[in-house]
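Undergrad: Sequence:
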Amino acid sequence: MPREFPVSLTPPDWLVRNLRAQRAPVNRPAVVRAAIAMALPLALGLAADRPAYGALASMGALNGVISDTATAYRVRIPTIAIPQLFGAVGITLGSLVHGHGWAAVAAVTGVALVSGMISTIGAVASASGLVLLLTCVVGAGLPMPGEWWLAPLLMSGGGLLVLLLALLAWPLRSGVPERVAVAGTYRAVAELLAACGSDSTQVYDDARHAVTQSLNQSYDTVLAHRARHHGRSAELARLLAQLNAITPVVEAAPAAHLSGRPLPPELPEAVRRLAEAVEAGSPGPAGLRLPGPTTETARAVDHALRHTAEVVTAPDVDPRGIDDRLGRPAALGIRAARATRGVALSAASWRYGLRLALCIGLAQALVSLIQVPRSYWVALTITFVLKPDFGSVFSRALLRALGTVAGLVIAAAVLAEVPRGWWDVPVMLLLAPLIPAFTPRGYGYQTAAITPVILLLSDVLNRAGTALLLPRLVDSLLGCAIALVAGYLLWPESWHTRVGDRLADAVDDTARYVEGAFGPDAVGPPARARMRRRLYRDLSAIRTEFQRALTEPPPTGRRAAAWWPLVVAVERIVDATTAARVRVKHGAAPPSAGEVAQVARQLRELAEGLREAETLYAVRTDLTGPPESVLEPLRQEVAAARAIASPH
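FYI, the numbering for the sequence shown is 1 to 648, going by our numbering.
A hint or two may mislead.
[Said to hold, decoys possible] Computed spacing ranges between beta-carbons, pair by pair: (1) Trp149 with Val474: 27 to 35 Å; (2) Ser346 with Glu266: 17 to 25 Å; (3) Ala314 with Val409: 56 to 64 Å; (4) Arg611 with Pro293: 37 to 45 Å; (5) Ala561 with Trp102: 19 to 27 Å; (6) Ala348 with Glu417: 42 to 50 Å; (7) Pro143 with Val16: 39 to 47 Å; (8) Gly594 with Asp205: 41 to 49 Å; (9) Asp205 with Trp102: 50 to 58 Å.
For the record, the hints were derived by calculation from the structure and aren't laboratory data. Backbone N, C-alpha and C define an ideal beta-carbon position, used for all residues, glycine too.
Make a model of the complete structure from these sequences and hints.
TA: Written out as structure tokens, the structure reads:
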């Protein structure tokens, strides 16, 4: 009979969450690209009797592999190319100050400030800031071979090789990633319809969250592409029309779920058939065989689904008649100006930039005063750990240390047993694919995959062999310690944050959504759709932020766990509002102005309480109204949310 561990030996929940591998499919094309892009430069360098040149190009390819995350071909160009330009600037600045003592410390610290500030703009800017600082640290810590322009040329060339490989199939598969994204949204909606009315609320909540994430990804992919076409591409206009067409089905799903009756299986199956047509780029089935609706909510789903089928089966779409539910992205110049102004005036960007600069400055100063072999690794560790959009600093420091140890075990076997020279090429062919394969699993797994690759490339540059291993472990632990103290413990916002602030903003936005749907100044369907999409997007980001907070040790993790049910409750309030709007559209009596004002007032009171609270506290609930009103389910959800904000 198995013995149970004593309670004192049971690992805490936050540690288990950190170590649990995330489920994610393996991107096989990215795996192949990583193997070719990182092994080919090594082979060419060895063939030319310039192995150091090959190693530098492979380091550039590593930056490209890390940035190779986009699916749409047009999106891959900025996603991979822009970070390479920043990398060229970084390696140039770093190599110019190499060996210049405190001038190097000041230069790298200044680059850290800029890197941290631009990392708050968005995904591409975040990757660019990361590569800028990484290459600057490497250039300042390692002597670069050849003229000053050779290192940036080689590293940029390695990164652009990844881009070239990523674009090879573009002529044959143009538009396929966009169609796959939209079809994936249709399949997620099919799963949502299948979960409507089920006994398990968790199944429906998970399906709804999956739809939100899929819609976000699809709109981002299609709109980013369409921004370059300015509405002239019929194919992209068709995809956007198909995304807009599935939105009424998503709106009708909450009403169907609140009815408590499962939908006929023919409905989700019809959506799956439409998804196949979207992915294939064909007009799709000529007609849907749907059961006749018998209830108000069933009529809403039936009406929405038939409209979706009409759009999918339409032979042509007029690009001028397509409404961008999230708004078409502004021109590049306008977005750049907005981003620059936002970075310069944002307290959050300055706060993160100063935080990163402080840690990098301490690391550079420390290794200047104390002889640390290959000291650049200390700053590299801090750069990865303190990324603002990569999750909890505490968790990343922990996972960085554990991942480094695992990576060093692999590196020890490689450096001790594999002869240097041409054997480096097949070893790189085996190690490089692990990076894109393990990255989706979690940060610790990514670190374990990257560590032996960087150590192998470093060994090509300086031929230190197994002597690299112990200094690398010491450097990583030192970098984690600096990040924890100067980047975490000294900043109360890191470990003592009020996790309800962003949630309170979402509750306020929900109150405005209720008024926009039913109030005296109700907005039209397009504006209401944009409000709802932005609200769902914000709630999805809040859910992700709370899940990151759950990986923190007490008190932050414990507080986030206590507030988590309230996140779900707010999502259900938005669902109930959408369901009420759908019912009114299909014949139900609209609510009175007094009912709408009462619900909005209660939501704003809840938001105010969340902003002022460090911990959840009792909130008075006073919601009454006609039981037959379409707002009755909404009142129940608001009352449930306010009840959650009471101590247990």
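Undergrad: Hint by hint, note whether the structure agrees.
TA: A quick look at each hint next to the structure:
Between Trp149 and Val474 the CB atoms are about 34 Å apart, so this pair conforms to the stated range of 27 to 35 Å. Between Ser346 and Glu266 the beta carbon distance is about 50 Å. The supplied range of 17 to 25 Å is therefore violated. Distance hint check: the CB atoms of Ala314 and Val409 are about 58 Å apart, consistent with the given range 56 to 64 Å. Checked against the given bound of 37 to 45 Å, the beta carbons of Arg611 and Pro293, roughly 43 Å apart, stay inside it.
Distance hint for Ala561 and Trp102: a CB-CB separation of about 46 Å, inconsistent with the stated range 19 to 27 Å. Our hint of 42 to 50 Å for Ala348 and Glu417 holds, since their Cβ atoms are close to 48 Å apart. Between Pro143 and Val16 the Cβ separation comes to about 44 Å, which falls inside the hinted range of 39 to 47 Å. In this structure the supplied range 41 to 49 Å is violated for Gly594 paired with Asp205, their Cβ-Cβ distance being about 31 Å.
One distance hint, 50 to 58 Å for the beta-carbon pair Asp205 and Trp102, holds here, with the actual separation near 55 Å.
Hints 2, 5 and 8 from the list above are not met by this structure, while the remaining hints are.
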